[in-house]
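Given chain A's structure and the hints, the job is docking chain B onto it.
Line by line, the protein sequences give chains A and B.
Everything in the first sequence is counted per our numbering, starting at 1 for the first residue and increasing by one.
Everything in the second sequence is counted per our numbering, starting at 1 for the first residue and increasing by one.
The set of hints was computed from the structure by calculation and includes no laboratory data.
Keep in mind the model is a prediction, meaning the values are calculated, not measured.
Glycine included, every Cβ here is placed at the ideal spot set by N, Cα and C.
Among the hints, a few may not be true.
Unchecked claim - Selected chain A positions facing chain B (Cβ under 8 Å, derived; list incomplete):
#1 Gly466
#2 Ile476
#3 Val477
#4 Thr483
As the list claims (entries may be wrong) - Over 10 Å on every C-beta distance to chain B, these chain A residues come out as not near it, computed from the model:
#5 Leu65
#6 Pro81
#7 His269
#8 His455
#9 Leu465
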Amino acid sequence: MARRRFDPSAPIFALFALLLAILVFLPMGWLAVFSVRGPDGAATLTYFAQLVTDDEMVRPLIVTLIVATSVSTLCTLVATPMAWLIARTDMPFARPIRLLVMASFVTPPFLGAVAWEILAAPNSGLINQVYRLAFGLGRSDRLIDIYTVYGLILAIANYTFPYVFILVANGLDRIPSDLEDASSILGASRWRTAARITVPLVLPAIVAGTLIAFLQAMNNFGSPAIIALPAGFHTMTTKIWSMFQYPPQPGMAAAAAVPLLAVTIMLLHLQRAALGRRSYAVVGGKGAQARIIRLGWLRWAALAYCGAVVSAAVIFPYIALILTAFAKTLTITWAPEGFGLGNFEFVFFEFSSTKPALWNTMLLGVMAATAGTAVTLIIAYVTSRQAVPGHRVLGFLATAPIAIPGIVFGVGLFFAYTHPPLVLYGTLTIMFIAFLTTELPIGYQQFQAAFRGIHIELEEASRILGATRLRSLRDIVAPLITTAVVSTWCFIFIAAIRELSAAVLLYTANTKVLSVVIYDLNENGELGAIAVLGLLMLAVTFAVVAVAYRLPRATSIPTSA
Amino acid sequence: MADVELSGLTKRFGALAVVDRVELKVAHGQLVCLLGPSGCGKTTTLRLIAGFLEPDEGTIVVGGRKLSGPGSALPPERRNMSMIFQSYALWPHMTIRENVAYGLTLRRLPADEIQRRVAAILDVTHMSQFADRYPGELSGGQQQRVALARALVVQPETLLLDEPISNLDANLREEMRFEVRRLHDEYKYTTVYVTHDQAEAMTTADLIVVMNRGRIEQTGTPRQIFEEPNTEFVARFLGGTNILRGRRLGGSGPEIVDCGAIKLVCERGRGTGETAPVSIRLHQIELHRSQPPGDGRNVAPAEVRRQVYLGATRDYLVALADGTELRAVTPSDLDIAAGTPIWIRLPPERCRALAS
Numbered sequence: 001m002a003r004r005r006f007d008p009s010a011p012i013f014a015l016f017a018l019l020l021a022i023l024v025f026l027p028m029g030w031l032a033v034f035s036v037r038g039p040d041g042a043a044t045l046t047y048f049a050q051l052v053t054d055d056e057m058v059r060p061l062i063v064t065l066i067v068a069t070s071v072s073t074l075c076t077l078v079a080t081p082m083a084w085l086i087a088r089t090d091m092p093f094a095r096p097i098r099l100l101v102m103a104s105f106v107t108p109p110f111l112g113a114v115a116w117e118i119l120a121a122p123n124s125g126l127i128n129q130v131y132r133l134a135f136g137l138g139r140s141d142r143l144i145d146i147y148t149v150y151g152l153i154l155a156i157a158n159y160t161f162p163y164v165f166i167l168v169a170n171g172l173d174r175i176p177s178d179l180e181d182a183s184s185i186l187g188a189s190r191w192r193t194a195a196r197i198t199v200p201l202v203l204p205a206i207v208a209g210t211l212i213a214f215l216q217a218m219n220n221f222g223s224p225a226i227i228a229l230p231a232g233f234h235t236m237t238t239k240i241w242s243m244f245q246y247p248p249q250p251g252m253a254a255a256a257a258v259p260l261l262a263v264t265i266m267l268l269h270l271q272r273a274a275l276g277r278r279s280y281a282v283v284g285g286k287g288a289q290a291r292i293i294r295l296g297w298l299r300w301a302a303l304a305y306c307g308a309v310v311s312a313a314v315i316f317p318y319i320a321l322i323l324t325a326f327a328k329t330l331t332i333t334w335a336p337e338g339f340g341l342g343n344f345e346f347v348f349f350e351f352s353s354t355k356p357a358l359w360n361t362m363l364l365g366v367m368a369a370t371a372g373t374a375v376t377l378i379i380a381y382v383t384s385r386q387a388v389p390g391h392r393v394l395g396f397l398a399t400a401p402i403a404i405p406g407i408v409f410g411v412g413l414f415f416a417y418t419h420p421p422l423v424l425y426g427t428l429t430i431m432f433i434a435f436l437t438t439e440l441p442i443g444y445q446q447f448q449a450a451f452r453g454i455h456i457e458l459e460e461a462s463r464i465l466g467a468t469r470l471r472s473l474r475d476i477v478a479p480l481i482t483t484a485v486v487s488t489w490c491f492i493f494i495a496a497i498r499e500l501s502a503a504v505l506l507y508t509a510n511t512k513v514l515s516v517v518i519y520d521l522n523e524n525g526e527l528g529a530i531a532v533l534g535l536l537m538l539a540v541t542f543a544v545v546a547v548a549y550r551l552p553r554a555t556s557i558p559t560s561a
Numbered sequence: 001m002a003d004v005e006l007s008g009l010t011k012r013f014g015a016l017a018v019v020d021r022v023e024l025k026v027a028h029g030q031l032v033c034l035l036g037p038s039g040c041g042k043t044t045t046l047r048l049i050a051g052f053l054e055p056d057e058g059t060i061v062v063g064g065r066k067l068s069g070p071g072s073a074l075p076p077e078r079r080n081m082s083m084i085f086q087s088y089a090l091w092p093h094m095t096i097r098e099n100v101a102y103g104l105t106l107r108r109l110p111a112d113e114i115q116r117r118v119a120a121i122l123d124v125t126h127m128s129q130f131a132d133r134y135p136g137e138l139s140g141g142q143q144q145r146v147a148l149a150r151a152l153v154v155q156p157e158t159l160l161l162d163e164p165i166s167n168l169d170a171n172l173r174e175e176m177r178f179e180v181r182r183l184h185d186e187y188k189y190t191t192v193y194v195t196h197d198q199a200e201a202m203t204t205a206d207l208i209v210v211m212n213r214g215r216i217e218q219t220g221t222p223r224q225i226f227e228e229p230n231t232e233f234v235a236r237f238l239g240g241t242n243i244l245r246g247r248r249l250g251g252s253g254p255e256i257v258d259c260g261a262i263k264l265v266c267e268r269g270r271g272t273g274e275t276a277p278v279s280i281r282l283h284q285i286e287l288h289r290s291q292p293p294g295d296g297r298n299v300a301p302a303e304v305r306r307q308v309y310l311g312a313t314r315d316y317l318v319a320l321a322d323g324t325e326l327r328a329v330t331p332s333d334l335d336i337a338a339g340t341p342i343w344i345r346l347p348p349e350r351c352r353a354l355a356s
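Looking at chain A on its own, in the form it has when it is part of the complex:
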């Protein structure tokens, strides 16, 4: 008679679920409480009333809507043709362009904003300097001013369009070209086929990309903090941040976070519906080679177009950062003696914040990446193998943070861990919790995809031949999942070391991270030091990305909010 030995996995997973639930819902619960609790402790709706009546609150709301709508429209209009040109035409240099789009994708938006500040500040901006020099104009003349709503839209769109690009390009890659051939054989012209077959099939991806771009723009804190604040206006995220400055208005901040949360949840839902309902558009796998459309001489026009976009997003900003890092003064003189290593000396040997911030950033990055990889690996295994009852709950908990904007989560964490019994404010632990929780969905998605590729029968085959569950995990699953483990670690690490919006609410003097230091330096106008630190951050990022992409099997880019 076989007696089943006590299975410890069920209580362990229950504990796991509880821990995750606390991680995610405790901050959100406190956020809800603070948003309806007046200074006297009684329940009140004044904050929400203020949100729609007080001009101080309504204006940021309107600005945010304008910015997010403009950014998502702009990104869709710019990135959709780009994706089509690169996926479906004989445009030259498609591969370098694709790589530059990826570079824009991994560039922290706040760093891009700083670079655009260097390029297009009204007086010192490089573009304006060149403009004045070229036309012999006076000091007050300018071509472009980044400190405007338009400037902000431009600065955000430059680092948001890759979301649309990736979704649309993947969508196009997956349309089997026999669907298009079927239309051609029935007599449709090339353009008619594009209009009636290709566009409708890829439309869900375009819609999803637009929604994601909207969310990215709406929940972006770094870019408006760098561009809108000096320009004298607020978006919702900077407004929320300002309520944690003196005098603090926690209740108002909590209430202001609610619309961001609500819109994010709603749009993610719409996005899923857009991608989900017409999923036939993306199934069918790699059929025949996609048909390449010949553009003739137009392909040089296409290249110019794509080149312009990546120049604005990557080439010019990176050049600006490099020049600034080596420049001796803010006003670049273009003469060789105007360049030196002074900024590097300052950052690495004189500036006291560098070392602790680097240490904190690396420590948090490694810890969040390691813990996040471990946790999501286990959750994805459990949900994909349906190993325990209630596995769906675990999956939901690991996905839920995707719907919580960084700044909103920062506000929630601030409330949850600033009073007993859990006083974590001012510790690295609270930053760790913030980074870990916000990056869970990335890891979970990666591993879900990976486990989908490892047929459960591979494990069963080893079980039936006599291997225990642990043994088959070691012999079969572990070797097959290694690639996904490394790439997931890399993705979480990159995301963690650039996180600003939650960090900016949670840091104290001892727990500054790189992104916060860059933000601080910007307030003091230390662009040279920022450029050095920014380049350092980019170097680390690209090194880690290179590791992830050199792995034997290609991994997918997470395309989430």
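Only chain B this time, still in chain A's reference frame:
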């Protein structure tokens, strides 16, 4: 004594009983096919035997040892079974040799013994020259042979096969059917084989178990299942058949069923209840240009609706006076044009009354 014995085996997913009170005895060395359409519970039954699932009711006893019961299931690795999966489940990161040797390594056999047995089984399955390749470098048929080798090399007490050849193309499938049977005759493991393909079941099985909606419809030798189906489901599932329905006239002697346009004397089978379905195989219906001589039993006028020339045979669709359509397969030299009035005869010794 039965080597594998399932009693009252039941598995529910939610409210649905996917496997419903299944009773089955498989004798030592026998090859049993679980045959049925997708969703009939055959794969679930196999996975219960393997120990990947735990039954809600009933027991599984193998060689006198109880392996599964509600709340107590020996894990798969302690059942001394082998299984061949629909996906083959060859480990992509191991060579063919490593794949095949894995089960032996788990059993802690000495290295030279492992080497000898792997070489022997690769020889039997004609895979020796591919020993150092990876599964991704083999064709579907070759992968299938590796899966067979990997399962057989450990000399299991019980061998389980889950639709092992349904992913192969038609020619290879036919070849592998005989290969499975050949290897079974060579090693004589007690084998449970799941398939939805009746030709596969006919070729390989000692015993066929036809399953439908989680239950066993009928168990028997291939010949019994084909010639003596007890239910309409079994008659339809194995080989083409015509089903006519009618009122039972009762009386002693052979069953007589009144189907309206034709009254059928059924010398085989027995109905239940008021009405009964009658089964007659396509190739057992006789077509006559004029009224056939004889006692006139099971004869009726009909009309040819259409006919198709298929080389060795012709496939006819004929209609009785009341519009009931029947399919008949005849030698191809019987050529009667569509629209021609004819007579058909359903020989009483071929008509089988079924339980309703």
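Quick rundown of the hints versus the structure:
Residue-level restraint check for A/Gly466 holds (minimum Cβ-Cβ distance to chain B is 4 Å; threshold 8 Å). Because the smallest distance between the Cβ of A/Ile476 and any Cβ of chain B comes to about 6 Å, under 8 Å, the interface hint for this residue holds. The beta carbon of A/Val477 comes no nearer than 10 Å to any beta carbon in chain B, farther than 8 Å, and the hint placing it at the interface is violated. Because the smallest distance between the Cβ of A/Thr483 and any Cβ of chain B comes to about 11 Å, over 8 Å, the interface hint for this residue is violated.
No Cβ of chain B approaches the Cβ of A/Leu65 within 10 Å, the least distance being about 45 Å, so the stated non-interface status holds. Residue-level check passed: A/Pro81 sits 38 Å from the nearest beta carbon of chain B, beyond 10 Å. The claim that A/His269 lies off the interface holds: its Cβ sits roughly 27 Å from the closest Cβ of chain B, which is beyond the 10 Å cut-off. Not every C-beta of chain B lies more than 10 Å from that of A/His455, the closest at about 5 Å, which undercuts listing it as non-interface.
Against chain B, the non-interface label of A/Leu465 is violated: not every CB pair exceeds 10 Å, the least being about 4 Å.
This entry does not satisfy hints 3, 4, 8 and 9, going by the numbered hints stated previously.
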